[in-house]
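Peer 1: So the chains spell out like this:
2 protein chains.
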Amino acid sequence: MKPFFVGLLAAGAVSAAAQSLADVNVFLGTERMGHTFPGAVVPFGMVQLSPDTRLVPYALPNGSYNPDVYGYCAGYQYEDRTIYGFSHTHFSGTGHSDLGDFSMLPVKSGQSLLPGDGKDPATGYFETFDKQTETAEPGYYRVQLERSGTLAELSASTHAGFHRYTFPAADSASLLLDLVNGIYGYDGKVLWSSLRVENDTLITGYRHVSGWARDRYIYFAASFNQPIASYRHRKDDQTPYRGFYRRFKEFDNFPEMAGKSVRAEFTFAPNEVPLEVVFAISGVSTAGALANLRAEAKPFDAAKAEAQAQWLSELRKIEGTFLSGDDQTTFYTALYHSLIAPHVFQDVDGQYRGLDGNVHRAEGFTNLTVFSLWDTYRALHPWFNFFQPEHNRNAVLSMLAHGEQSVHQALPVWSHWANENWCMIGYHGVSVLADAAAKGMAGVDWDQALKLAVSSSSWRGYDGLGAYLDKGYVPEDVVGSSVSKTLEYAYDDWCVAELARRQTPYHNFYTGTDHPNIRLNKAYLKRSQAFKNTFDPQIHWARPRLSSGVYKAEFDLLSTHNQGFIEGNAWNYSFYVPHDVPGLIQVMGGEKIFVQRLDSLFTMELPDEAIAHTEDVTRDGILGNYVHGNEPSHHIPYLYNWTQDRSKTQFWVRTICRAMYGPETNGLCGNDDAGQMSAWYLFSALGFYPVTPGSATYELGSPSVKSATIALENGNLLRIETVKQSPKNVYVKEVLWNGQTIPSHSIYHQQLIQGGTLTFVMSSKPH
Amino acid sequence: MKPFFVGLLAAGAVSAAAQSLADVNVFLGTERMGHTFPGAVVPFGMVQLSPDTRLVPYALPNGSYNPDVYGYCAGYQYEDRTIYGFSHTHFSGTGHSDLGDFSMLPVKSGQSLLPGDGKDPATGYFETFDKQTETAEPGYYRVQLERSGTLAELSASTHAGFHRYTFPAADSASLLLDLVNGIYGYDGKVLWSSLRVENDTLITGYRHVSGWARDRYIYFAASFNQPIASYRHRKDDQTPYRGFYRRFKEFDNFPEMAGKSVRAEFTFAPNEVPLEVVFAISGVSTAGALANLRAEAKPFDAAKAEAQAQWLSELRKIEGTFLSGDDQTTFYTALYHSLIAPHVFQDVDGQYRGLDGNVHRAEGFTNLTVFSLWDTYRALHPWFNFFQPEHNRNAVLSMLAHGEQSVHQALPVWSHWANENWCMIGYHGVSVLADAAAKGMAGVDWDQALKLAVSSSSWRGYDGLGAYLDKGYVPEDVVGSSVSKTLEYAYDDWCVAELARRQTPYHNFYTGTDHPNIRLNKAYLKRSQAFKNTFDPQIHWARPRLSSGVYKAEFDLLSTHNQGFIEGNAWNYSFYVPHDVPGLIQVMGGEKIFVQRLDSLFTMELPDEAIAHTEDVTRDGILGNYVHGNEPSHHIPYLYNWTQDRSKTQFWVRTICRAMYGPETNGLCGNDDAGQMSAWYLFSALGFYPVTPGSATYELGSPSVKSATIALENGNLLRIETVKQSPKNVYVKEVLWNGQTIPSHSIYHQQLIQGGTLTFVMSSKPH
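These protein sequence lines are chains P and R, in that order. If you're matching positions, the first sequence starts at 1 in my numbering and goes up one per residue. If you're matching positions, the second sequence starts at 768 in my numbering and goes up one per residue.
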């Protein structure tokens, strides 16, 4: 693995009792597949202010998809030496790209307003930098820009980005605001943009863009600490300002700029004082952005201090000791990355843009966005139920609001900024609801939740669901990735059944009737057994079937492409029955073959061709045929818990923690996926994992921490202790809860959140 | 003149005591230059639902401006026999085009979703009709469509269009909603559009368009009286719905349609009952449109009855008797056309989109839009002060809100739908304010009004204003049409002076100081004398000057092009000093030459070349060199009142009423200009006219009515009576107010609105 970022490594002491910002490497995952960003953000902040190191057009000149787009989901790759601007919105770790709004860059005055090619300075304004000058901590990023000689510093609050630019002395300072640039940019991404110079220290504006999100509105209001001396803009589209010609000079010092390709330069007089910008955003209106600006504007140093205090407060909720500084950085950086999405998506007055395009007001909750649910229902939302239950309540209520605003009455699938992207498969919003219900979330209308879970899972037009309801499986000739869909629908249906069960009054013995929810529970329990319909009884593997009922003849257990699966192959997906592992063991042909197959999964030698086709992961993310860089396998190491070979769970969990995670820039073996990869690590490092979201049970694994004290939101303390913990002692001899041996392989959520001590007695040998 | 529309003529009885809808010919002005529309609207309604008879691209195939655009400002020309749809927004009588939103058309199911070329039915869905089947009244329009065999009927409420389509029996019915079509359409007008099928009888959506308005949002919610059986759409742009592919069928029965070129078809099962649609609009949101829909939805017949009751209520406020049925129709159609703009631009809850793009709530007034102020400050807003003072208060408060939302703190110039188009010249918003103040409008913050009048007239970047302030005239080498601008700025400045004067406490005799408004009044009075600086003392004509001070050498008194004037020539504009006619007479060289020139103006033989270059008017709109089809001359016939030859005012006013107005489809000699031409007629037909908006004085002319009783909004009745009125008795022997001879050539607003009888004793000879 590559050398760890030096400045942070030096500060990363083993066994530090109080955490510091140096425990986080914000560059972790910025290399290759992690898709994280190094810029400034506060926990769940709406602004993610970060450098964009390349502009990647969505399409190649021949019109086809540009494969480079994928690497720039967060706008940044660690090896780059160019910066096109600091933009205010970034996904963290996602597998699809978008955002990158409102790109600002300090430049020498009067040069080209085009970004340029990143090579020849004559082509545009792009900046270059020496990697040695780039440093970052949670809530703070800085870099020395070479072409303009400007020191750039960034910080953030919930709704605002904070910029400080120290220009070379005596130069007049210019700041570019490029309304065209964006992530997932392509010709025509900007449907419209507007920029108003309200007065000599205040500008407002917005973009209406069609990127990955079908169409998305983002507004801003930005304040400068120095008056604008003059400004200009260029516009490369042909939209005229019709009443305008012959009357004013449109492109110089005219305060109403608008069009599809507006790039503006603001020039400031030479000043000893660095230029500071507070740049607030809103999904509602420029008035909303202005209110956000008023609420959060402060000097740069104060903003930085506040942002970092917020991060410290989060980090200090877990006081851990570790076997190494690397483990410590890995752990706290995972914690950092788990606290970025879903993030606030409302103005300070509670107003937000809903999925229906209308402006709503969040009553009794904070509206959130960026729901990458196919990823995050697995461990991130369970992590929130454990570590950030109030945040998860906001997530649940935001999802319910989304469902109500949906014309399909469907919970989010992959949604951001008032858009549904329909990305990946299943309707896993129901899992988040069921998990919240299982873990006793208060303040939710569970009747509404159940109603939306039912409507989400009843929309026959959705992705093979009609056929699934008719046949008990998704036929591959109806829609691709059919086995993955059957398996995930089955799990989701179990979640709906659980939701119904948890709010079902008992059978009425006076009238002899069941509550309607009992019937719902039974119906969905039946649906949840559909996984059996996709297992070929001849070979005991999940296998695509056709509408006729026959299994698809051509079938490659190892290939991930066109075999009925997505982000996985038959080996990976056949273990995907998180809600009924005993039933899975049965359809696989019994425990012996189940264990044999698990063993093989982790140890088999995969053909190079199969590796080449594995999506979204680097070579480090593959362990035999087990693919940790993608999500469908995340629960698999824990499945040994249902067998006599529980120690293998312990071994593989520790192996994965060591091999697939690290503290360095390429420390993530696949996309962090909005925090799912990080949440897997956090749970596993603490010794337990939610194999079945929607149940209140955690499976016990093997902790990699030496100890940890977690300050729970309810005020209780949960202490994780280990005995004889060491890199070699990966096996667990015994687990004790408050000193009492736990006879089972699992522990209940309700136990843990009461506070207490969970002790793992470690050993170098399987127990 | 062409034959008057037969159905209405039959009903147009002379001297009807109670007015009927048949007194209005809604087709008046739909031929050639009038630019009115025949569709359904209620007084000041936000919806103007009317057929669009041609789709005129903004640009010709070679990219240059398409001159045909001009003829279709209201989407309709009387001679056309094709209909592309019934759209919900139309300007009335303007000289520039825009709008035409949400075009609907009943069609045979399953045909092309493209509009077609209007000739070959194979090219698209356009309809044809037999002119005999087209009839219309205020609030109601009907036509039999030939291709689909459907009877189409339209009505309107303030926020909604009402459609009733009677399809041929047994055919399944289809309804197109074309989100691409529009007036002033061109490639790329639609920045984005969206369409949601909320349920089987409700659709919502919006367009974000860049047409004449730089960018404009319009939303809708539409309800059907029958369930949608199925629907589909086509989209010709390249914006993908990215999460979507492989998952759903995007183009059939998928309820979230969006893109830059969406055309949708909704199919309904065969039904004996005609299809009814209530189509509500909003400038705020689909939620706003839905609230508007809920507030105003009703069956078609009820909507029609209510719309027509509203019109009757307005028409019956003036009980007139006339010399002919033609006069009666001309008068009541002018009244109808004076009650269309500026129209309501807010939702039922008072929310509206402001010039700053933000959503505001109108508190204490109704927000209005469509301010064609260079036209309407002259007679339309004075007409409102007389006949609709509450409406004018809404206009004034809407203009003040606009000014506050303006980044320039500028009152509207030519604004519509939250956009400023900067069309034509001057800052005549100040005239509307001054006229309202002069006529005692209550409920206005006059300090705010004065503040915005001053800021509007202080913006040096505006259209030569900086040079005007420096030199006392607009130099022609700085900006074109310089003489027109100098003259109009001078008048506007007098309006600001009047505004300041009306709220100026007296000089403080204790301190010896003036109130700041006294200084403002003096400064603006001085500015208002700038008209003298553009009169060449050698020739006594207004004449362009250069920055050096010298008058421009090449100078053609008759040409309207590049001579320093706009929509007029030196002859027309030299009479434009409405605020200081004695001063004008002086700079023109005295009353004798003044009268000679006025006489010549009306009687001279204009060279054909000069006529060909005269803008916006038909041949009928020119009387000698007097051009009634354009506004700069509208006050000129009344200028004889300042001379010994008042009878000539009487003669020419009657001549203009007869020659330039008529009851037929081409009854307007130029653009109605949002009601300005009609308001001129209304005043003149009643015998008085506001030569100097901003003063409380009307000049007396020669009425063309026999009598009229006007029910004023304050409850008083104003009676206009004539003695010996006849087509030949165009001269006024004596005018009496409540039986007392008026010694002057004018009468005060405050007199008239107290109610009483104004009697004109007519004669065939000058007095």
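Keep in mind that the hints were calculated from the coordinates and are not lab data. Don't take every hint at face value.
[Claimed, not checked] When the alpha-carbon atoms are kept at most 25 angstroms apart in a straight line, the in silico SDA-like pairs for lysine to any residue are as follows:
#, chain 1, residue 1, chain 2, residue 2
1, P, LYS249, P, SER112
2, R, LYS1238, P, TYR65
3, R, LYS1016, P, TYR65
4, R, LYS1016, P, VAL478
5, P, LYS451, R, LYS1238
6, P, LYS249, R, LYS1238
7, R, LYS1016, P, LEU546
Peer 1: Give a verdict on every hint.
Peer 2: Each hint, compared with the structure:
{"no.": "1", "hint": "P/LYS249 x P/SER112", "in the structure": "holds (19 angstroms)"}
{"no.": "2", "hint": "R/LYS1238 x P/TYR65", "in the structure": "violated (60 angstroms)"}
{"no.": "3", "hint": "R/LYS1016 x P/TYR65", "in the structure": "holds (22 angstroms)"}
{"no.": "4", "hint": "R/LYS1016 x P/VAL478", "in the structure": "holds (12 angstroms)"}
{"no.": "5", "hint": "P/LYS451 x R/LYS1238", "in the structure": "violated (73 angstroms)"}
{"no.": "6", "hint": "P/LYS249 x R/LYS1238", "in the structure": "holds (21 angstroms)"}
{"no.": "7", "hint": "R/LYS1016 x P/LEU546", "in the structure": "holds (20 angstroms)"}
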